[in-house]
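Peer 1: Residue numbers (our numbering), protein chains in the order written: chain A, 38 to 428; chain B, 35 to 229; chain C, 514 to 589.
Just so you know, nobody snuck in bad clues.
Output of the computed footprint for chain A on chain C, the stretches with three or more beta carbons under 8 angstroms from beta carbons of chain A:
(1) 520–532
(2) 536–548
One-sided excerpt, in silico: chain A residues whose CB lies under 10 angstroms from chain C:
(3) Pro208
(4) Thr209
(5) Gly359
(6) Val390
Derived by calculation from the structure, the hints in this document are not laboratory data.
Keep in mind the model is a prediction, meaning the values are calculated, not measured.
For glycine and all other residues, C-beta sits at the position ideal for the given N, C-alpha and C.
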Amino acid sequence: MSAPQLLAGPDPSRGSERRSEHVARLGPLPKGGHALIELLVRTGLTGRGGAGFPVGLKWRAVAAASHGSAVVIANGAEGEPHSRKDRLLMASRPHLILDGAMLAAASVHAKQVVLCIGEEHHAALRSMSGALAERSEHERRMVRIVAAPPRYVAGESSATVHLVDAGIATPTTTPPSPRDRGVGGAATLVQNVETLAHVAIIARTGMATDTVLITVAGGVRTPGVLEVNVGTPLGDAVQLAGGASEPVRAVLVGGYFGQWVEPSSAWSLPLDTQALRARGLSLGCGVIGLVPASRCAVCEVAGIMRYLASESSAQCGPCFFGLRALADACTRIAERGTDPGDLQRLQRWSAEVHGRGACKHPDGVVMFLQSAMKTFGDDFAHHPPHLRRSA
Amino acid sequence: MNNTLLWYTTRGAGAVSLVLLSAVVVLGILSVLRIQSTTWPRFLTAGLHRNLALMTLVFLTLHIVTAVVDPFTHLGWLAAVLPFSSYYRTFWLGLGTIAFELMLAIVLTSLVRGLIGQAAWRMVHWLTYAAWPFAVLHGIGTGSDAGSAWLFTLQALCVIAVVVAVGYRFLTGSHDPLADARSSFQDAVDRREPR
Amino acid sequence: MTKQYELAVDRIKCDGRGLCAEILPERIRLDSWGYPIVTPGPIPGHLLGLAQRAVDDCPVLAIALRRVEIKRQRER
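Starting from the given sequences, assemble the full structure and let the hints guide the process.
Peer 2: This is how it looks when you write it as structure tokens:
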């Protein structure tokens with residue numbers, strides 16, 4: 038495995054890298070603009086916030102819609118509970134992110150940059166504001182920090198735009214897409230902080246980066262953030278995290294909006310956006326979760342469903358009521374045992390909920406559940422009652 | 035034109051207007067309460083509400099025109115549009131003028147709701163809670179001193195119906211099943227500076 | 514070529530009043546919680562009047578008629 042790129046330099050656990058060290062290591066900030074956009078298109082960088090959209094194409098669209106007053110939002114809200122990569126990156130490499138944000142601003146003709154940071158991520162907040170104080174006066178006037186509430190949907194693109202624009206972190210109806218009409222009605226580029234860090238390196242080297250940040254969580258000996266080469270087999274990444282701490286029942290690839298995979302197929306999966314997509318999977322926000330065999334799969338799924346249902350912003354009936362109904366049915370199966378009526382209801386309601394919200398939250402949950410029912414089909418079909426010990 | 039006929043038309047049209055307006059208010063409340071059954075669809079409540087409101091304006095126009103044209107009342111056209119400008123029962127008639135203008139605003143904004151948007155339309159629509167009481171008070175104050183029983187009964191029934199409907203509406207909570215969850219989530223993610 | 518229209522629901526404005534499904538049951542039905550499921554695709558000509566009525570009668574203006582973007586194949 039070749040050297041890390043984003044986390045190259047001093048050990049991330051040592052805290053926020055100073056500007057002087059950053060510049061000494063990587064050189065001065067290059068120029069943004071049309072040439073950078075074309076470079077991003079050529080290198081094929083995709084977004085690291087979950088959707089995996091080609092970055093160059095996104096910047097082209099925002100630059101075209103910008104009338105010189107676009108807005109860049111560096112999205113570090115990190116609402117996914119098990120993901121740690123964004124806050125680690127902000128806490129240790131703030132200047133990489135600021136570089137990427139300023140390059141974006143120059144390229145899409147933006148006058149404002151907003152750093153959206155989880156309000157409970159104190160180290161990240163301190164690091165980013167400390168780093169901002171080290172930048173030029175021009176940059177300091179352009180950039181401001183907005184703290185995001187710790188909710189799952191707060192990191193959704195339209196929710197970050199709504200938070201910056203109106204102070205409320207709820208998703209909004211699209212169209213119009215933030216790309217065309219976002220903060221203050223201006224074209225807005227929402228980009229994950231890790232993506233911006235990649236841009237900062239690509240702009241200097243003129244070549245694609247070949248690493249990706251993942252968070253390994255659950256039944257591993259040393260859970261945490263890893264920077265691995267694109268294409269690294271998932272099993273190797275798990276070894277780097279100390280290996281599984283107990284036998285594994287299943288692996289969740291891509292976090293709560295990801296897919297469940299049997300261990301036998303999981304270990305050889307390449308951690309690469311395109312390759313995973315070809316297999317019907319997604320790297321998403323980079324969370325790889327190992328569920329130990331000692332845990333009941335159905336009960337785990339029911340718990341996650343309850344969490345995701347409670348994270349609905351309650352703006353759309355099918356999402357709020359549908360996800361609650363699905364979570365309740367999963368919980369009934371988990372606690373009282375399988376009932377064919379509940380299994381049918383899960384299928385019927387999933388079909389009614391999918392695509393019927395203003396944002397993709399209900400879709401993500403439904404796909405998570407479908408994946409669980411496929412992977413744990415037998416468990417769902419023959420589950421005995423397991424009363425919960427705690428609420 | 036026969037003066038007595040004009041006078042009876044004015045009073046009759048006024049009474050009909052009050053009954054229609056009261057029905058419109060009650061129907062509006064039934065709509066907010068989402069009252070519905072297999073034999074009474076919601077679009078029926080909405081349609082009646084709209085059509086009776088238009089009918090109210092028709093009878094109101096008849097009421098106003100016959101009142102102004104009637105030589106006995108000495109009312110000029112100005113009294114129909116400028117509140118408290120008549121010599122005849124200045125205050126009570128003025129209330130009627132205000133009620134009429136409020137209703138006109140409500141109906142006109144409803145006709146162009148698509149153009150002005152839901153928020154603006156809704157703000158004007160709340161004026162119903164001023165228009166109806168003003169209409170009732172106008173009716174009581176300008177009614178003939180020989181207070182006839184039928185008019186009194188009609189007014190009493192209208193008032194009871196509307197008071198019960200409005201009372202019920204405001205005593206029961208929101209009828210939007212998402213309202214509580216939506217506002218509590220919004221409170222949790224609201225980061226606006228307190229003013 | 515005649516213009517074609519489709520119905521679009523603003524999911525955040527919609528609060529499940531259900532008038533649209535009463536007026537145009539041919540294209541709109543209600544889900545298990547009273548919210549509209551709209552059959553995708555352009556509205557047939559004979560139903561356009563009713564579709565417009567459903568749009569006008571929505572108490573919260575959550576449904577609208579949108580012109581369908583017809584993507585043309587480029588002629589070789």
